[in-house]
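Asks: Each chain, written out:
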Amino acid sequence: MRFWVIQSLNGLALGGLLFLLSSGFSLIFGLMRVANLSHGAYFMLGAYVGLSVLNAGYGFWTAVVAGGVALAILGGVIERVLLRRLAGRVFSQVLVTLGIAFIIADSSLLVWSGDPMPLPVPRGLMGAVPVLGVVFPKYRLAVVGLSVVTAVALWALLERTRLGAMIRAGVDDMEMARALGIPVPRLFTAVFCLGAALAGMGGVLGGPILSVYPGLDMDMLPLALIVLILGGPGSLLGAFLGSFFIGFLYTFGQVLFPQLAYVILFVPMVAAIALRPRGLFGARAA
Amino acid sequence: MKRAFPLAAAAALLLAPALSPSDFYVNVATQILIAAIFAMSLNLLAGYGGLISLGHAAYLGVSAYLTVWLTTRAGLGHLAGAAAAVVLTTALSALFGLLALRATGLGFLMITLALGQILWGLAYRWVSLTGGDNGLSGLQRPQPFGIDLGSPRAFYLLAVAVFACAFAVIAVLVHSTFGAGLQGVRDQPRRMQALGWHVWLVRFFAFVAAGFWAAVAGVLYAHYNQFVSPHVLALTNSAEALLMVIAGGAGTLLGPVVGAVLVVMLKNVVSAYVTRWVMLLGLVFVAIVAFMPEGLVPGLDRLRRRGRPAGSS
Amino acid sequence: MSEPALRLEGVSKSFGGVPAVHGVSLSVAEGERRLLLGPNGAGKTTLFNLVTGDHSTDSGSIRLFGREISNLLPHRRVHLGLARTYQVITLFPRSTLAQNLELALLGLSPLRWNPFAGLSRRRDLREHALAVLDRVGLRAAADRTLASTSYGEQRRVEIAMALAQEPRVLLLDEPFAGLSQEERREIQQQLAGIPRRVTVIMIEHDLDVALSFAERITVLHQGEIIVEGNRAEVVADARVQEVYLGA
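Residue numbers (the numbering used here), protein chains in the order written: chain A, 196 to 481; chain B, 115 to 427; chain C, 975 to 1221.
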């Protein structure tokens, strides 16, 4: 019994981190139709920035904010300078976002060296607390809480603000949004910055749990892609549910079937795509 | 007669590395050719077929593993092992094609990514079969007709022969009536369907053909390294091949070859002089997108035509 | 009494709960010139899409010369003699006119599966393509890219491609849209030259041109057929006047 509770809580924690990673990814894809293959690198870079801020003597929460801000700025520049001109050009988007991922990964290697480094847990959240009959790390519970808070905040943004209304309009029907006079280019930049910031903050928050190491980017990217597919592009609820589903699946998979853990992650996704009911029978018109 | 000069130049270019006194450069040239065959196979699917796959290393890897395993642990001869590896891998690509082609666009990308990752995960964990992280070793290069393929030069010439064959066959396919249909399906699938083309089947054949040539590259890969590990199936391998195709020029014959030269040279040669060659590679990709988004081969061709006086073709 | 070329019975289709086509039954005789009329959103193009297989029917049957086709894949229907043009011209702009035509000719040929037959070596294919272009007066532009020709010329090429497949039933979706007066005349001429045995069903908004072409007219409104008859009958019908003139 204790085993199930502990692993479930671990699954929740991982799910929370995945939500921070994937919510931005899903929004970016849903609105801009750009598969941002640098997104894993943004997560990793956020963690490294957080690490440096911590090493400079600042507090944990400062580090989280720093990670978010740094990536928001970087994301904004990348979107404005490089991605903006590539609307609809999938090959170029793939090349440029992967190229940027390479640059970020190698630069990180240069600046922070290749040793895996865990981020220290903030002092207020050290230790464990009894919950549901087990003793579980406070920090991981906090991560779950933070991800829920973020989800609610994003929901409020999307449902209750003008910016959110514009984003939803753009996700639903870009042509209509343009026709309604929505400033699409600025909207794109804003959403891209938001997505990058979420990834960056997620990286810092994940630091104490996942550590930061070269290769973290390519470890996280497939997970973001899976959540996108399962949850649907541009769907906040989808990203939320999908993240926790994958968090659970991965956690239990690792523990129960370590040989097949990785396989288990991908099978539901393949099933979801392959078994999707077809509106056009047989016809694969693009 | 128009063909003679480029063919002669190509032959010279391909044979020149065999004359190099340095084993290192001959080996780099071999790696380039193997990467080029792999990239050309992906180009069939992604460039000419319009189906972007992030899991193509699956066929390179499975073929390499089968080659090593069948030859060292199942007692097959080198030729039989290679042939069996290619046949079995092609069959796998047919199976995966059935799954992956249930979708197009992002869905297709995801399924191919997933299938590749599943195989990579299995290679890592199924230690009894694949040796896990340690991989499978012990493959000796054969000595057909008294030629010792253990020599870098001899192996390179084998690679040249295989590459030339692959290039020729793919060139024929791309210029064939089927090839025209494949590209038509890439550009306007709905219209092609309305003209009587079986869009799914055209894509399926392209998928299998791509798997076949990746399998061929896999056999060479196994014999070149005389060793195989899960790294061959990693996402980075699939991503690199895709980058070679796009950077060189997707949907052109020479594109993937040029892309292979670019990436392998940076990895193996430039890396000796520039520690940050990965960053350099990333910058090159960004620069290509900025200045020659269609890829190096079409981009350079465009510059060449602009340099000519008006009126000449 | 021979089979009608195309016969729909109780065909319905909804998208996300919204009915686009509802209980449509119609019958087009072989060689007939039928016009599908109706305001925007009436379901005309959806009906075409159901016949060609771009969408699957929710219910109802579609018979081509007596043969049920609603379960067949779209390309198979083309092999049974169905051809179609689209509202938006979706051809291959960077290919030449001859190349565009060759793709149409290959669609029904076993050559389409041949990975060794060099396309440029098929003189017969090229000759055939040139002959088709000649018939529409575009032979001279055969080796120019489609993008370099005018919209009217592209439309003629599109119709020529459909006719090159010698279809038994031809569906034309707004062939006159976006054309100048001069270009319209050229299309009219092209259509007048279609062999009698080919059944032609057209969707059009340009009433003058369309009415002169059509023998029978089916009027759709909100996914249902409201009137069917010859020119005089349809024009005089009260419901048609209400729908078109808001009377």
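One or more hints might be untrue.
Derived list of chain B stretches under chain A, where covered just means 3 residues or more per stretch with a C-beta under 8 Å from a C-beta of chain A [said to hold, decoys possible]:
id: 1; region: 235-244
id: 2; region: 376-382
id: 3; region: 389-395
Partial chain B-side listing against chain C, Cβ under 7 Å, derived [as the list claims (entries may be wrong)]:
id: 4; residue: F292
id: 5; residue: D301
id: 6; residue: A308
id: 7; residue: N339
Derived DEER-like restraints, expressed as beta-carbon distance ranges [what the hints assert, rightly or not]:
id: 8; chain 1: B; residue 1: C279; chain 2: C; residue 2: G1111; range: 42 to 52 Å
id: 9; chain 1: C; residue 1: G1152; chain 2: A; residue 2: R381; range: 25 to 35 Å
id: 10; chain 1: C; residue 1: E1004; chain 2: B; residue 2: R420; range: 35 to 45 Å
id: 11; chain 1: C; residue 1: F1090; chain 2: A; residue 2: D367; range: 42 to 52 Å
id: 12; chain 1: B; residue 1: L193; chain 2: A; residue 2: V200; range: 53 to 63 Å
id: 13; chain 1: C; residue 1: S1124; chain 2: B; residue 2: R420; range: 22 to 32 Å
id: 14; chain 1: A; residue 1: D368; chain 2: B; residue 2: L129; range: 34 to 44 Å
No lab work stands behind these hints, which were simulated from the structure alone. Where a beta carbon is used, it is the ideal one built from N, C-alpha and C, also for glycine.
Asks: Could you run down the list of hints and mark each one as holding or not?
Replies: Verification of the supplied hints:
Counting residues of the region 235-244 of chain B whose CB lies closer than 8 Å to any CB of chain A gives 5, which reaches the minimum of 3, so the coverage claim holds. Remark: the region 376-382 of chain B is not confirmed as covered by chain A, as 0 of its residues place a Cβ nearer than 8 Å to a Cβ of that chain, below the required three. Check on the region 389-395 of chain B: 4 of its residues sit with their Cβ under 8 Å from a Cβ of chain A, so the three-residue criterion for coverage holds. At its closest, the beta carbon of B/F292 sits 4 Å from a beta carbon of chain C; the interface hint therefore holds under the 7 Å criterion.
The criterion of a C-beta within 7 Å of any C-beta in chain C is met by B/D301, whose closest approach is roughly 6 Å, and the hint holds. Among the interface hints, the one on B/A308 holds; its C-beta lies about 5 Å from the nearest C-beta in chain C, closer than the 7 Å criterion. The closest approach between the C-beta of B/N339 and any C-beta of chain C is roughly 31 Å, which is over the 7 Å cut-off, so the hint fails. Roughly 46 Å separates the CB atoms of B/C279 and C/G1111, a value that falls within the hinted 42 to 52 Å.
The beta-carbon spacing between C/G1152 and A/R381, approximately 33 Å, falls within the hinted interval of 25 to 35 Å. The hinted range of 35 to 45 Å is not satisfied by C/E1004 and B/R420, whose Cβ atoms lie roughly 56 Å apart. Distance hint check: the CB atoms of C/F1090 and A/D367 are about 48 Å apart, consistent with the given range 42 to 52 Å. A C-beta distance of roughly 58 Å is found between B/L193 and A/V200, which places it inside the suggested range of 53 to 63 Å.
Distance hint for C/S1124 and B/R420: a CB-CB separation of about 27 Å, consistent with the stated range 22 to 32 Å. Between A/D368 and B/L129 the CB atoms are about 58 Å apart, so this pair departs from the stated range of 34 to 44 Å.
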